[in-house]
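Engineer: Sequence:
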Amino acid sequence: MLSIENISKTYGTGEQATTVLKNINLTINSGEIVTLYGPSGSGKSTLLSIIGALLTPSSGDIILGGKSWRTLSDNARTDMRLKEIGFIFQSSHLIPYLTVKDQLTAIGTEAGQSTKEAAVRAEQLLASFGLKHRLSAYPKELSGGEKQRTAIARAFMNEPKLILADEPTASLDKERASEVVDMLRQRVKQTGAACIMITHDQRLFSYTDKLYHLEDGCITEE
Numbered sequence: 001m002l003s004i005e006n007i008s009k010t011y012g013t014g015e016q017a018t019t020v021l022k023n024i025n026l027t028i029n030s031g032e033i034v035t036l037y038g039p040s041g042s043g044k045s046t047l048l049s050i051i052g053a054l055l056t057p058s059s060g061d062i063i064l065g066g067k068s069w070r071t072l073s074d075n076a077r078t079d080m081r082l083k084e085i086g087f088i089f090q091s092s093h094l095i096p097y098l099t100v101k102d103q104l105t106a107i108g109t110e111a112g113q114s115t116k117e118a119a120v121r122a123e124q125l126l127a128s129f130g131l132k133h134r135l136s137a138y139p140k141e142l143s144g145g146e147k148q149r150t151a152i153a154r155a156f157m158n159e160p161k162l163i164l165a166d167e168p169t170a171s172l173d174k175e176r177a178s179e180v181v182d183m184l185r186q187r188v189k190q191t192g193a194a195c196i197m198i199t200h201d202q203r204l205f206s207y208t209d210k211l212y213h214l215e216d217g218c219i220t221e222e
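Numbers 1 to 222, taken from the UniProt record's numbering, label the letters of the sequence shown in order.
Check before you lean on any hint, since a few could be wrong.
Heads up, simulated DSS-like pairs for lysine-lysine below, C-alpha to C-alpha not over 27 angstroms straight-line [stated by the list, open to error]: (1) Lys22 with Lys161; (2) Lys140 with Lys101; (3) Lys132 with Lys174; (4) Lys210 with Lys22; (5) Lys101 with Lys67; (6) Lys116 with Lys174; (7) Lys116 with Lys161; (8) Lys67 with Lys140; (9) Lys210 with Lys174; (10) Lys67 with Lys161; (11) Lys161 with Lys101; (12) Lys83 with Lys101; (13) Lys210 with Lys83; (14) Lys132 with Lys189; (15) Lys132 with Lys83; (16) Lys67 with Lys210; (17) Lys116 with Lys83; (18) Lys101 with Lys132; (19) Lys83 with Lys189; (20) Lys189 with Lys101; (21) Lys189 with Lys210; (22) Lys83 with Lys174; (23) Lys174 with Lys140; (24) Lys116 with Lys132; (25) Lys161 with Lys189; (26) Lys67 with Lys83; (27) Lys161 with Lys140; (28) Lys189 with Lys67; (29) Lys189 with Lys174.
FYI, nobody ran anything at the bench for these hints, they're computed from the structure.
Build out the structure end to end from the sequences listed, making use of the hints.
Structural biologist: Quick look at the structure:
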């Protein structure tokens, strides 16, 4: 379970201070997909960066699986990002000189899996996302939907407790976007990971378990 407790974030000091998040509280259970939406500049990406231990909040705490972000050293946070969190972005961010299989294998070995274990897991994951026939393909040979499916499979490579998806379908058409999010949802339910997704596409709201609106640094459940 993920617990977000009284998270605030302020940039600058004195008269120049700008508060982008105001006492955000949120609980997400294992196997649950939560969607955040709101206008540009509302703090969505800032909140996701804090939850992913990429940015330090001005106050508050994040607790994942009983571990408090606030008590972790920088090295421990880096280790947690590598082993317990999967990231999915608007762009797939695939490495151009690695094959589809190697994109995943590299993450697995970095997370402590043996080369053989990582290779087997990569093949299994890619097959589950309909990419068994693309193992040896390079990113330039993939369609937009295939790139995002590869990116989602890669996010699950380290068997994460938490998946953070920032506009994962923004570059896809309606059909491909629905296909990708449906696969993401199925995998979250199968693995029991908690998932937070940011999207502006209201057509995808039906795939979520809880929907929250973030505006002016404040969050409300829809």
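Engineer: Which hints from the list above does the structure break, by number from lowest to highest?
Structural biologist: 5, 6, 8, 22, 27
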